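**Q** Numbers -23 to -1, 1 to 781, taken from mature numbering (1 follows the signal peptide of the UniProt record, and there is no 0), label the letters of the sequence shown in order.
Errors might be hidden in some of the hints.
[Claimed, not checked] Straight-line distance between alpha carbons at most 30 angstroms, and here's what the computed DSSO-like set of lysine-lysine pairs gives:
hint : residue 1 : residue 2
1    : 158       : 85
2    : 763       : 694
3    : 438       : 552
4    : 337       : 373
5    : 568       : 438
6    : 639       : 604
7    : 686       : 705
8    : 235       : 108
9    : 85        : 110
10   : 688       : 617
11   : 500       : 668
12   : 235       : 85
13   : 329       : 126
14   : 552       : 604
15   : 764       : 686
16   : 693       : 668
17   : 691       : 617
18   : 158       : 147
19   : 677       : 691
20   : 267       : 337
21   : 267       : 106
22   : 391       : 337
23   : 500       : 693
[To be verified] Here are the in silico distance ranges between beta carbons for each label pair:
hint : residue 1 : residue 2 : range
24   : 149       : 445       : 43 to 49 angstroms
25   : 164       : 694       : 39 to 45 angstroms
26   : 131       : 492       : 26 to 32 angstroms
27   : 142       : 714       : 28 to 34 angstroms
28   : 699       : 82        : 45 to 51 angstroms
29   : 473       : 149       : 37 to 43 angstroms
30   : 759       : 161       : 45 to 51 angstroms
31   : 161       : 519       : 36 to 42 angstroms
32   : 403       : 605       : 27 to 33 angstroms
33   : 733       : 492       : 18 to 24 angstroms
34   : 161       : 253       : 46 to 52 angstroms
To be clear, the hints were calculated from the coordinates, so they are not data collected in a lab. Since the model is a prediction, treat every value here as computed from it, not as a measurement. Where a beta carbon is used, it is the ideal one built from N, C-alpha and C, also for glycine.
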Amino acid sequence: MRKKKFLITIFFILISFSSFTLAQTMSFSGNIYINSYYAYFIGDPSLSYLSSDIQEGIYFQQNSQFSISYISKSLSLNFEYKSQPKEKVESSIKIGNFYGNFSNELYKSISPLTLYNKVINGIYGIYEKEKLKVDLIFAKIEGRKKTVKLNGNDTEGPYFIGDFFLIPYKEKVYLNGNLLKREEDYIIDYTYGIIYFNFIISSQDEILVEYEISGTTEIYNILGIGIGYSPFKLSYISLQNTSTNTRRSFIEGSLTIKRDENNFIELRDSYAFLENNYSGHANYLRLSLKGNILSTDLETINPTESYPYIPEILGNLNLTPGDQKLNFNLNLNPLNSINYNFLYNTSKDNIKWSHNINIKLTSSQLSLSYRRENDKEIQGFNFTYTPLNLCGLIQKINTSSSITDTYTFSISPKIGNFNSSFYFSQNNQSIDSSYLKEQVVGGSITLIGKIFDFSIGGNYKVKENLDPQTPIPVSQNFITDGETYMFELQYTPLQDSISLYINNIYVKNNETFTYYLPDNTTKTYTVNYYLYNNTVFVFFIDEEGENPPPAGINITINYQTLLPQKIFLQNIFSKIRIKYLNLNTLLTLQKNNDNNLIYHNIYLYTYGMPIKNLWLSLTANKDIERKRGNLTLNANYYLKPSSLNFNLYYNENENIETLSLKTNLNLSITSYNLILYYEYYQNLYYENFYKNVSLSLELKRSFSFGDLKAKIVKSKKEASYSLSPYKKDIQSLSISRAINEYLSSEISISHEYYSNNAENYTLTLSIIPIKTLPNSLFFIRYSQNKKDTTLYILQLGGNIYLDF
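Using the sequences provided together with the hints, build the complete structure.
**A** Below, the structure written as structure tokens:
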């Protein structure tokens, strides 16, 4: 905070010195939100869980952002501050040929042999005039940059990074060398280091994650200066560990001959010193040529083993002391068709190299690849022919313990109103003494019309295990929803072979697991699990009893099983898709043969607006000969300003039944507004069950003096196991009125009754400055929590929002 105030002061001093300039502009914009209060507790603190949203003492939270900019003929100044999602302070100044930048999030690169693509906290300045260039950096490094490579497994995730407490918003995720976008392509759990993708990552894909971890006690100060006169440059970097005072120094000379951004040669040689003693060197070469016929890119990096480089701190994860790396790309462009890539990396105990060639023609593409890393050898061949939608893959992976062969082929030609498809895949895997083979073949024919489409087809899938007496390891992942406590396994596990991982942490049965909540607090549970009929039951036990696992965590169950010698699945289907009355409907009839168990299935999906203002979506799936199926119905009816929403979900499976029903009515008539909400949830599994029923009624009536609001909530939960305390009844009443043209007030009273007979009474008085700060309020609140004892809470505070 002191840094921020100092920067703002300097900002306005510089403006005052430049105020004599006639042509100048200044802008100031932003918003500030402050939530602050003081809470005084008297009584039994064990009842504070009834007011879990109130912390004792002083509470302050702010979410703000603002920027200031000043531009004149001789001076340009900018200042920006953001508090969320991570605090960031940045300012910049430009005077003539000098540019300076201060930020707690500077992304800077000095050289691939020293500071490279790293986030730092400090000051960077540069002076440029014709061929002369002088730059200066003074900062500190607080995070350790790391990288991990993950292989796809034909799922969307989860994928475990292997570290906890990642620094938010500093990761970079690459898929086969392409940078992905956060939220759009993937989501990430920074606490546990878990990534989920929005699409399937195949077993041929490679994921690279660059990230930084928090909690490290190592902080490094970095000082750098560079002086260059094109094409030469001399630079000095000093890196000091603040905890040990160990100093590393790098002196580097470079030569860059550059015609443009695509045609240049770059040579670098760096000499390093550890505590003023010579400690190795590194050299770097980059050559880039781009022409009409040929383009090439060559990059080599060669550090000695004693070169005191710390990749996690200085940023270049491709620089490891003692490792030599070479990357070569060649493109032949007469038809923009041929690309060749060669990668070579060697160290003491590791040799890795690969070849990859791609040939692109007008309507087809061929790709040949070979990669070897120590005893792991990968060979691949891909081909594509666009007019027939023809694709194929041949791949072989050979390691010291396994051999995997993969073959895939698909073709989807289109002739007029007919579409056809055929696909074939085979995967052979040899692991030690076991041999697994999986083969899939299928196809379909589709007739396309204006109102309807009709398809017929089928597929056949077979798995063979040539050594059925050898145990096979299996891993299954589940994402919890906060209500489900049972997780069905795909195969029958061997006795005592189950191991449970929660967010990639191994948890023994009846031992504790600490759950990190979103507000950075923790809760510790005892985890109990057991197996029954191929289903694992998992309970989180606290002082209140047994609970389903909290929502949003990942449970991985590892076990061993004996696969039969042959497993097959065959299905034949016919589909008809109809577009009529603003509805799109798909009906599928399917005959299945699951290891000589024959059953039929009906699938229905329809969506659209059959009548005005009504949106409808229906999905139904039912097996005829056995108890297995599900139904989902979503309906929304809008008649502004009123609306009705209805959601139904039903699922049945052998001895399992789940029913969820939600209805929400929002009715507005002149000065009345009514909101009615009903929810029913039921989950049955053998003799275990869980039920939840909730009804909410909210009424608002507008008068000339103000508004009257009343709300009633009724809830009831039942389970075959003990439940944590929950709110059974809620009643609230509030009255708001305008005091004058500047202020309005609201008085509210509420009562909450819990399943363990605890009660909470709350009385709140709020004042709203409707003219000056219409989105803000100030309040005084009194709460009383009662059970066998009593806790009294007096709270004084406010929420302030200012937009400028």
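**Q** Look at each hint and say if it fits the structure.
**A** A quick look at each hint next to the structure:
no.: 1; hint: 158 with 85; result: 21 angstroms, holds
no.: 2; hint: 763 with 694; result: 21 angstroms, holds
no.: 3; hint: 438 with 552; result: 20 angstroms, holds
no.: 4; hint: 337 with 373; result: 23 angstroms, holds
no.: 5; hint: 568 with 438; result: 14 angstroms, holds
no.: 6; hint: 639 with 604; result: 24 angstroms, holds
no.: 7; hint: 686 with 705; result: 20 angstroms, holds
no.: 8; hint: 235 with 108; result: 13 angstroms, holds
no.: 9; hint: 85 with 110; result: 16 angstroms, holds
no.: 10; hint: 688 with 617; result: 23 angstroms, holds
no.: 11; hint: 500 with 668; result: 25 angstroms, holds
no.: 12; hint: 235 with 85; result: 21 angstroms, holds
no.: 13; hint: 329 with 126; result: 15 angstroms, holds
no.: 14; hint: 552 with 604; result: 23 angstroms, holds
no.: 15; hint: 764 with 686; result: 28 angstroms, holds
no.: 16; hint: 693 with 668; result: 8 angstroms, holds
no.: 17; hint: 691 with 617; result: 28 angstroms, holds
no.: 18; hint: 158 with 147; result: 12 angstroms, holds
no.: 19; hint: 677 with 691; result: 18 angstroms, holds
no.: 20; hint: 267 with 337; result: 18 angstroms, holds
no.: 21; hint: 267 with 106; result: 28 angstroms, holds
no.: 22; hint: 391 with 337; result: 22 angstroms, holds
no.: 23; hint: 500 with 693; result: 25 angstroms, holds
no.: 24; hint: 149 with 445: 43 to 49 angstroms; result: 45 angstroms, holds
no.: 25; hint: 164 with 694: 39 to 45 angstroms; result: 30 angstroms, violated
no.: 26; hint: 131 with 492: 26 to 32 angstroms; result: 29 angstroms, holds
no.: 27; hint: 142 with 714: 28 to 34 angstroms; result: 49 angstroms, violated
no.: 28; hint: 699 with 82: 45 to 51 angstroms; result: 48 angstroms, holds
no.: 29; hint: 473 with 149: 37 to 43 angstroms; result: 42 angstroms, holds
no.: 30; hint: 759 with 161: 45 to 51 angstroms; result: 46 angstroms, holds
no.: 31; hint: 161 with 519: 36 to 42 angstroms; result: 37 angstroms, holds
no.: 32; hint: 403 with 605: 27 to 33 angstroms; result: 29 angstroms, holds
no.: 33; hint: 733 with 492: 18 to 24 angstroms; result: 22 angstroms, holds
no.: 34; hint: 161 with 253: 46 to 52 angstroms; result: 49 angstroms, holds
When the structure is compared with the earlier hints, violations turn up for hints 25, 27 and for no others.
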